[in-house]
Amino acid sequence: MLLLYLPIAVIIVYSFNYSETDAVWGGFTTGWYRTLFANRRLLDSVANSVRVTMLAVCISVVLGTFGAVAAARCGKFVKRSISALIFTPLILPEIILGTGLLLFFTAMPVNFGILAIALAHTTFCIPYIYIFVSIRLKKLDPALIDAARDLGAGACRTFFAVTLPSILPAVTTGALISAAMSLDSVVMSSLLSAPDSITFPVRLFSLMRIGTTPEVNALSALMIVAMFGFAAVGFFLMRVKKNE
Amino acid sequence: MFDRLKAFLTVLPILLYLITLVGVPLVFIAVISFLSRDDHGRILFAFTTVNYNRIFDPVILSIFRESLIVASLASTGTFLIGAPFAFFVASLKRRSQNVVILFALFVFWTSSLIRTNGWMIILQTNGILNRFLMLIGLSDGTTRYLFNLPATVFVTVYMFLPFMILPIYVAAESIAPTLRDAARDLGAGHIRTFLQVTLPLCKDGILAGFALVFIPVTGLFFISDTIGGGLRMTLGNLLHSQMAGHGNNHPFGAALAMILLIFSVIIVSFFLFLPRSRRKKQVDGR
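Chains as they are written, first to last, in the numbering used here: chain P, 20 to 263; chain D, -13 to 272.
No lab work stands behind these hints, which were simulated from the structure alone. Wrong hints could be hidden among the right ones.
[Unchecked claim] As a list, the in silico DSS-like pairs of lysine-lysine whose alpha-carbon atoms are at most 25 Å apart:
no.: 1; chain 1: P; residue 1: 98; chain 2: D; residue 2: -8
no.: 2; chain 1: P; residue 1: 98; chain 2: P; residue 2: 157
no.: 3; chain 1: P; residue 1: 95; chain 2: P; residue 2: 158
no.: 4; chain 1: P; residue 1: 98; chain 2: P; residue 2: 158
no.: 5; chain 1: D; residue 1: -8; chain 2: P; residue 2: 95
no.: 6; chain 1: P; residue 1: 157; chain 2: D; residue 2: -8
no.: 7; chain 1: D; residue 1: -8; chain 2: P; residue 2: 158
[Stated by the list, open to error] A short list of chain P residues far from chain D (calculated; beta carbon distances all over 12 Å):
no.: 8; residue: 46
no.: 9; residue: 49
no.: 10; residue: 52
no.: 11; residue: 101
no.: 12; residue: 112
no.: 13; residue: 133
no.: 14; residue: 179
no.: 15; residue: 212
[To be verified] Chain D stretches covered by chain P per the calculated footprint, using a threshold of three residues with CB under 8 Å from any CB of chain P:
no.: 16; segment: -11 to 3
no.: 17; segment: 102 to 113
no.: 18; segment: 157 to 166
no.: 19; segment: 205 to 214
no.: 20; segment: 234 to 240
In this text the structure is predicted, and so the values were computed from the model without any measurement. Just so you know, even glycine gets a beta-carbon here, dropped at the ideal spot from N, CA and C.
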C-alpha cells in the first residue's frame, strides 16, 4: 500500500537534492525552488494549466449540475441517451476522443487556442459532477420541492432556495475531483496544445523524454503539496457543513 | 404533455453540448478515416480505404501485437496483485475498509505523470532501486531497470491498480456474510468456500476490473514513451505521433482511432454490459 505513495515521496525528497542529476544524493538544498521561479517556460505552463482547469471546471459545474437536475425530471429514454453520451468519454481510452476533438477543432474556421483544451477537458469533467449530483438528487425528498412550489415559489426560486443548497456538497466534491483530473490530463492536452498553450503535464512529458532537472521536481513537489492542501480544505469544509 | 416538453427543453443544453463535443468528434473520426490527404497533410475529400489497408502493414501489425501484450500483461498483473488485496480489504471491519479504500484512491489526487517521473528517479541506472539492491548484495550496479518492457508493465500495473481493486472490492463487499457462513456450516473449508461461493459471486467485479485496466492501457502512450524509453511503440504511441507528432497523418490516425474504438466497444460490451444484462434476466426470471 505504501508503495502507491513511494514515487510521490521520492519526488518531494529529491526536490531538495543538491546534486544536479536525480541519481545521486548530494546534500540538502532549497536552491532548486529559487531557480524554479526564474524559469519562465515552466511557470508559464503552470499558468496555462490553471487557466484551462478553471475554465473547464466552471463550464462543467454549470452544465453538469443543471444537466443532472434537468435529467432527473425526464423520462427513461432521455436519461439513457444522456448517460450514454456522458459516460462514453470515461469508458473509452482518452486518446480516441482526443483524436476526434483534434480533428473537430482543426476543421473549425477559428483558432480556439486554450479554450479548445478547456472544452476538451469538460468532456471528462462533466461526468464526475453529473454522477455526484444525480446520486444526491435521488436522496432528495421530492416533497420538499412540492412544498416550495405549493408555497408559491417559482421554478427558479425553488432551485436556488431548495435544490441547490442540498446538492451543493455534491457539486463541490465533483468540482474538486474534476479539477484534479483536468490538472492531470496529459493525453487530451498534448493532442490539443499549440506552442503557446502548453500546459504543465505536456511540458513535463516533453522534459521527461530528454531528462528532467531538479527544478521540475521542485515544481512537482509544490503542486503535490498544493493538491493535498486543496483536499484538506475540501475535507474541512465538508466537516464544518456537517456539524452545522 | 406540456410538462414533458418543458423537461425536455431544460435538458436540451447539456444534450446539445454533449452531442457537439462527444458525438460529433466521433463522427469526424469515422468520416476522416475514409478520406485522403494532400502532400501538405491537408485533408482531401476523396474516398479511400488506404488508411485501413495500411493497418495490415507488418510494422503496424507488430505495434498492435505489442499493445495487446502490454495490455494483457498489465491487466493480469493488476489482477494478481489487486484481487488478493481487494478480498483482504473486504474481510476487514467496516471502518478500516473505508480508510484503506480512501487511502488507495487518494493517490489519484497526484498527477499520474508526476508519479511516473518518481518511478523514473527510482528505477534509473544509479537510481534508488539499484543502490538499495547493491547494499543488500543483490545487484552489481550495472543492471538497467528502465527502458524495457518489464519496467513499462510494472509502472502501468502501479498506475492502474486502483481500477482493479475497486470493482472487485465492491463485489466482494456486497456478498452477504450469511452465504459464507452457510457454506462453512455445510462443511466446506476456507478454500472451498472461497472458490465456490466468493469467487463466482465476484465474477462481474473481476470482469469489470479487467475491462477498466485493459481498455485505457491500449490507448496509453506516456508510460511507454518515458519509462519504456520510446523504444517499443504501442498503439497509443503510434496514434499520438500521427495526430500530434512528426508522423502527422490525420486520416491514418483517424483509422487507428476507429480500430481502437471498435475494439474498446467490443471489450466493454463483453466485460461490462453482458454480465449485467444476464444477471438482470436471472433476477427477472425468478
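Hint check results:
1. Between residue 98 of chain P and residue -8 of chain D the CA atoms are separated by roughly 15 Å; this keeps the pair inside 25 Å, and the hint holds.
2. Taken as a hint, the residue 98 of chain P and residue 157 of chain P pair is honoured in the structure, with Cα atoms around 14 Å apart against an allowance of 25 Å.
3. Between the alpha carbons of residue 95 of chain P and residue 158 of chain P the distance comes to roughly 18 Å, so the proposed pair stays at or under 25 Å and holds.
4. For the hint pairing residue 98 of chain P with residue 158 of chain P, the CA-to-CA distance comes to about 17 Å; that is within 25 Å, so the pair holds.
5. Between the alpha carbons of residue -8 of chain D and residue 95 of chain P the distance comes to roughly 15 Å, so the proposed pair stays at or under 25 Å and holds.
6. Our distance criterion of 25 Å between C-alpha atoms is met by residue 157 of chain P and residue -8 of chain D, whose separation comes to about 20 Å.
7. Straight-line distance between C-alpha atoms of residue -8 of chain D and residue 158 of chain P comes to about 23 Å, which keeps the hinted pair within the 25 Å bound.
8. Residue 46 of chain P, annotated as away from the interface, keeps every beta carbon of chain D farther than 12 Å; the closest lies near 16 Å.
9. Separation of residue 49 of chain P from chain D is adequate, the least Cβ-Cβ distance of about 19 Å exceeding the 12 Å criterion.
10. Its beta-carbon lying about 16 Å from the closest one in chain D, residue 52 of chain P satisfies the requirement of being farther than 12 Å from that chain.
11. A Cβ of chain D approaches the Cβ of residue 101 of chain P within 12 Å, the least distance being about 6 Å, so the stated non-interface status is violated.
12. In this structure residue 112 of chain P is not separated from chain D by more than 12 Å, as the shortest Cβ-Cβ distance comes to only about 3 Å.
13. The Cβ of residue 133 of chain P lies farther than 12 Å from every Cβ of chain D, with a closest approach of about 16 Å, so its non-interface assignment holds.
14. The claim that residue 179 of chain P is not at the interface with chain D holds, since no C-beta of that chain comes within 12 Å of its own (minimum 15 Å).
15. In this structure residue 212 of chain P is not separated from chain D by more than 12 Å, as the shortest Cβ-Cβ distance comes to only about 8 Å.
16. Counting residues of the segment -11 to 3 of chain D whose C-beta sits closer than 8 Å to any C-beta of chain P gives 9, which meets the bar of three, so the coverage hint holds.
17. With 11 residues having a Cβ less than 8 Å from any Cβ of chain P, the segment 102 to 113 of chain D passes the three-residue criterion, so the hint holds.
18. Only residues whose C-beta sits within less than 8 Å of a C-beta in chain P count toward coverage, and the segment 157 to 166 of chain D has 0 of them, not enough to reach three; the restraint is violated.
19. As drawn, the segment 205 to 214 of chain D meets chain P at 6 residues by the rule of a beta-carbon pair under 8 Å; at three or more, the given contact holds.
20. Three residues within the 8 Å Cβ limit are the bar, and the segment 234 to 240 of chain D against chain P gives 3, so the coverage statement holds.
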